[in-house]
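In terms of full-length UniProt numbering, the sequence shown opens at residue 1 and continues consecutively.
I should point out that these hints are in silico values taken from the structure, not numbers from a laboratory.
Just so you know, nobody snuck in bad clues.
Simulated pairs of lysine-lysine, DSS-like, Cα-Cα distance not exceeding 30 angstroms: (1) 270 <-> 286; (2) 390 <-> 286; (3) 258 <-> 270; (4) 293 <-> 335; (5) 293 <-> 321; (6) 390 <-> 270; (7) 390 <-> 306; (8) 160 <-> 177; (9) 273 <-> 305; (10) 258 <-> 273.
Just the calculated beta-carbon pair ranges, DEER-fashion: (11) 447 <-> 213: 55 to 61 angstroms; (12) 439 <-> 225: 44 to 50 angstroms; (13) 328 <-> 282: 34 to 40 angstroms; (14) 312 <-> 131: 41 to 47 angstroms; (15) 248 <-> 440: 42 to 48 angstroms; (16) 448 <-> 225: 41 to 47 angstroms; (17) 185 <-> 349: 27 to 33 angstroms.
Even for Gly, the Cβ is constructed at its ideal location relative to N, Cα and C.
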Amino acid sequence: MSGVRQRTLGGGGQHVLDYLKRMQAENPAFFYAIQNDSDHSSGNIFWVDSTARMNYTYFGDTVIFDTSYRTNRYRVPFASFSGLNHHGQPVLFGCALILNESESSFLWLLQTWLHAMSGRHPVSITTDPERHIQVAVAQVLPETRHRFCKWAIFRETQEKLDHLYRSHPTFETEFKKCINESETVDEFESRWESLLQRYYIMDDEWLQSMYNARQQWVPVYMRDTFFGEFAVSEGSESLTLFFDGYVNSSTTIQVLLKQYEKAVVSWHEKELKADYDTTNTMPVLKTPSPMEKQAANLYTRRIFKKFQEELVETLANPATKIDDSGTAATYRVAKFGEDHKAHAVDFNSFEMKASCTCQMFEYSGIICRHVLAVFRAKNVLRLPSQYVLKRWTRNAKSGAVVDEHASELPNNSRESVTVRYNNLRQEAIKYVEEGAKSIHIYNVAMNALQEAAKKVASIKNQGSGATQGSSLANGGSQEMHSTEENQTTVYQSSDEKEKKIRELSAELENTNQRCEVYRANLLAVLRDMEEQKLKLSVKVQSARLSLKE
1 MSGVRQRTLG
11 GGGQHVLDYL
21 KRMQAENPAF
31 FYAIQNDSDH
41 SSGNIFWVDS
51 TARMNYTYFG
61 DTVIFDTSYR
71 TNRYRVPFAS
81 FSGLNHHGQP
91 VLFGCALILN
101 ESESSFLWLL
111 QTWLHAMSGR
121 HPVSITTDPE
131 RHIQVAVAQV
141 LPETRHRFCK
151 WAIFRETQEK
161 LDHLYRSHPT
171 FETEFKKCIN
181 ESETVDEFES
191 RWESLLQRYY
201 IMDDEWLQSM
211 YNARQQWVPV
221 YMRDTFFGEF
231 AVSEGSESLT
241 LFFDGYVNSS
251 TTIQVLLKQY
261 EKAVVSWHEK
271 ELKADYDTTN
281 TMPVLKTPSP
291 MEKQAANLYT
301 RRIFKKFQEE
311 LVETLANPAT
321 KIDDSGTAAT
331 YRVAKFGEDH
341 KAHAVDFNSF
351 EMKASCTCQM
361 FEYSGIICRH
371 VLAVFRAKNV
381 LRLPSQYVLK
391 RWTRNAKSGA
401 VVDEHASELP
411 NNSRESVTVR
421 YNNLRQEAIK
431 YVEEGAKSIH
441 IYNVAMNALQ
451 EAAKKVASIK
461 NQGSGATQGS
471 SLANGGSQEM
481 HSTEENQTTV
491 YQSSDEKEKK
501 IRELSAELEN
511 TNQRCEVYRA
521 NLLAVLRDME
531 EQKLKLSVKV
541 QSARLSLKE
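Throw the hints in and build the complete structure from the sequences for me.
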């Protein structure tokens, strides 16, 4: 699985470089890097835009490093870093073209990616079970929980045991049940041993190697770590990846960049739609519980539906106290008729803390039916704040993003320009998002933005002479080293103040234009609502006349 391959982009390398330069010229927070290459045709390339970098500050707790191009025989070695937003949708954290698959290349890529993300380590990362990637993750992200993609292991198992899959069609089903449905380590161990004996494969080297690595891919061993998935049995093989349907084995380098942009726009639109649905629609409540109403107002729509499922299930999962030591007690929770699948919940009524053996909250960030059943038994009517992950709420992106290293950077450094740009951009986006919610808020936000634009223009005019005298020529390339042998040229544009002011002014203008679009859309919705009300009124009057007759 770990053979080193060297590829080349040929003339496509210059096409990619021109694109990246253009993107950075349009947005100074766009980041790209090329590894140790003179003609840009055989060096690894990494890039990430400002939106992806900002999204990482909100949703960078769990990451998927997708290198499926390797097994799917893509024409272009396109890899991506992605995660999950507050709606459970894919969100992009960066892209790469991996032309050299050596250990040092993956080390360089992970180090460069982490540098672009201000050094913030994720809680977990999912990758293919490739040796060079394993080494790179261990060195660059030593505190991050590394999980192997279960789908990749299932696929390779089928290739390695092709004769067994063909001669025993039931093996695949039993194998996946053993992996996905085992709820305890003992249950997994028992099922695994039984499976090997039933099919006489006790000495198979591939299965032995996968068993030795079981703590990095079998779900029952991963429950204590956050991966953002709604069920332990889902695993990485059921995830929707960011570029699914946009990039395939026939995609060329010229087409790739267009498809990359299409995917970014499409997922952004889907996120906006999910935001709109969350803000403007109220879900149907299924219980009289105040906690359900609280959750409906906190979570995004999709996450609430999952919480609601767990809450409704408490009706069929009674909690029975089995141990009590004052403020702390242990409960046994099991579904009617399924006592053999009972879970234990420890609950401290003083601290309002609970932990369940299913570890769903630790794994997905959503509280499980077993803990909710105990809350129900103890008459806990509201969800304690420690069990509401902000990353799953409708306010996941609220609050300004301030880089924790910002104070360490000189005012004229390229890094601080990116920090200031990102912070200002996020504040502008907040006005757009809030302003779209109603005509009144829209007008307030628009007035504030227009007033800010006037002040920026005024300061720009007053300080233009001083700006030119104090600016530094920082347009040269910046060097960073991943190893002694590998150097990366990181291209960063000039941070001349006058240029930045122009860019910020342009950003404000773009924001104004986007506000106009939102306002037009909202007005259209309001007109539709008025038309529907008018039609309904006519129908009501007609019905009343009919009744009188």
